[in-house]
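There are 2 protein chains.
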Amino acid sequence: MTQLHFDDFTPGRVFDLGTVLVDHDEMVAFAHRFDPQPFHVDEDAAKASLFGGLAASGWFTASLWMRAYVDGVLARSPSLGSPGGEEIAWPAPVFAGDELRAAMEVLEARRSRSRPDLGLVRLRATLHRDDELVFRSVFTGMFGTGNGAP
Amino acid sequence: MTQLHFDDFTPGRVFDLGTVLVDHDEMVAFAHRFDPQPFHVDEDAAKASLFGGLAASGWFTASLWMRAYVDGVLARSPSLGSPGGEEIAWPAPVFAGDELRAAMEVLEARRSRSRPDLGLVRLRATLHRDDELVFRSVFTGMFGTGNGAP
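Going down the list, the protein sequences come from chains H and D.
Just so you know, we're using numbering that gives the first Met the number 0 here: the first sequence kicks off at 0 and counts up by one.
Just so you know, we're using numbering that gives the first Met the number 0 here: the second sequence kicks off at 0 and counts up by one.
Don't read these hints as lab results, they were simulated from the structure.
Take the hints with a grain of salt, since some may be wrong.
Pairwise CB distance ranges (calculated) [said to hold, decoys possible]: (1) H:G11 - D:L132: 31 to 37 angstroms; (2) H:R110 - D:R109: 28 to 34 angstroms; (3) H:T18 - D:R123: 49 to 55 angstroms; (4) D:T1 - H:V13: 15 to 21 angstroms; (5) H:G11 - D:H23: 37 to 43 angstroms.
Over 12 angstroms on every C-beta distance to chain D, these chain H residues come out as not near it, computed from the model [stated by the list, open to error]: (6) R66; (7) G84; (8) E86; (9) T139.
C-beta atoms are modelled at their ideal positions from N, C-alpha and C, and glycine is treated no differently.
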């Protein structure tokens, strides 16, 4: 797998992170532990809800994207974590059995002024089911730039 | 447990969601599945990282807050899910064994103009370790207002 360097994160570059299959049992187990609202854990309650069916917790959806991002980008990059971001959105519910396409787009990349060994990459995370956007987030990733050890 | 209605979400109201203990094994298992970066899964790599020790995935931290929010607020409210939010931040790393205090503050509450049965509550989520903020998010929750079934 080609290594990625900070300079490879050029604004506008899109990384296709492949597809993610939403597993029913894992989705429900996650919800039982972290987000046990009726529409995430109870089939009948979910049918009567705004979602119209058992829907994934938004944090499960975000976590699925994260795994695709680690596998597709971070595992071959000098990733140093993230301080956070400015947007997180779940514009449509995610259901068990969904196949979601994960992507990451570089919006901006700059070296930290105070620490040239640290690169800050502002990026947009997305998950689509066919043409429908089901998850979007904009946040900042920190990367080593190679200018000294961070 | 007292039921909460949409009208109980008044701007400025703070809900103390109690404390959450960060379990080492669960934290690492979560990272192995969703965010297997070295500083989340490998003690030695983590010590050499910016975090200085094995740190929780930010999505695990967010999920811990979510569970406290469900237990403390959503389980006794007409929650209808969330479309997303405008901020997510991990200003300091979270470590195994940490005891974190969870809270939710109402920033704004309004009825949807087009759907008076739907209430939108803008809120700030926080997790603190003693006085140190380790997680913050601002997002919108949807709630039934009681004006007809949503």
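Verification of the hints:
1. H:G11 - D:L132: 31 to 37 angstroms: holds, 34 angstroms
2. H:R110 - D:R109: 28 to 34 angstroms: violated, 42 angstroms
3. H:T18 - D:R123: 49 to 55 angstroms: Given range 49 to 55 angstroms: violated, Cβ gap about 34 angstroms.
4. D:T1 - H:V13: 15 to 21 angstroms: Taking Cβ atoms as reference, T1 of chain D and V13 of chain H lie about 49 angstroms apart, which means the hint is violated.
5. H:G11 - D:H23: 37 to 43 angstroms: holds, 41 angstroms
6. R66: violated, 5 angstroms
7. G84: violated, 5 angstroms
8. E86: Given that some Cβ of chain D is not farther than 12 angstroms from that of E86 of chain H, nearest at about 6 angstroms, it is violated.
9. T139: violated, 10 angstroms
Violated hints, listed in ascending order, are 2, 3, 4, 6, 7, 8 and 9; each of the other numbered hints is respected by the structure.
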